[in-house]
Amino acid sequence: MLTNEIAACCKGLKLSHNMVEMADMVQADSHPEYLLKLLRSELEHRETQRKDNSLKMPGFYSIKTFDGFRFDEVTLPAAVSPDYLRSCEFINTKTNLVMYGNVGTGKTFYPLP
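Going by my numbering, the first residue of the sequence shown is number 1, and it counts up by one from there.
Mixed in with the good hints there might be a few duds.
Pair by pair, the computed Cβ-Cβ distance ranges are [to be verified]:
{"hint": "1", "residue 1": "Leu36", "residue 2": "Lys11", "range": "39 to 45 Å"}
{"hint": "2", "residue 1": "Gln27", "residue 2": "Arg86", "range": "34 to 40 Å"}
{"hint": "3", "residue 1": "Asn102", "residue 2": "Glu42", "range": "30 to 36 Å"}
{"hint": "4", "residue 1": "Glu21", "residue 2": "Phe69", "range": "52 to 58 Å"}
{"hint": "5", "residue 1": "Met99", "residue 2": "Thr3", "range": "49 to 55 Å"}
{"hint": "6", "residue 1": "Gly59", "residue 2": "Val26", "range": "32 to 38 Å"}
{"hint": "7", "residue 1": "His31", "residue 2": "Leu97", "range": "23 to 29 Å"}
{"hint": "8", "residue 1": "Asn102", "residue 2": "Gln27", "range": "55 to 61 Å"}
No lab work stands behind these hints, which were simulated from the structure alone. Note that the coordinates shown come from a computational prediction; the quantities given were computed from them, not determined experimentally. For each residue, glycine too, the CB sits at the ideal point set by N, CA and C.
Using the sequences and the accompanying hints, generate a full structural model.
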């Protein structure tokens, strides 16, 4: 009965069903601590959902990682290392990357960080 009321409140507040599921799982010593843990859980759930949706939206054929990527077949400038690319540091430093080469040489690559 209480679960249904919590679900109705979450729907009215536009909160996910995750709040209903987590309501019984969260353990805390005080009401404020319980509320804080429940809200943090909702934020984590939303961030996970946002990332999942961001990966689904572009419609990539497959998600690739750097595992198995052959850097020995790619010529990199002296200032760029495979670790630099893996860490996505070029995003933080606002450095442009221009990749060019023949068809099928691995220019279109969307790695997961």
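Violating hint indices (sorted, rising):
Numbers 1, 3, 4 and 7, in rising order.
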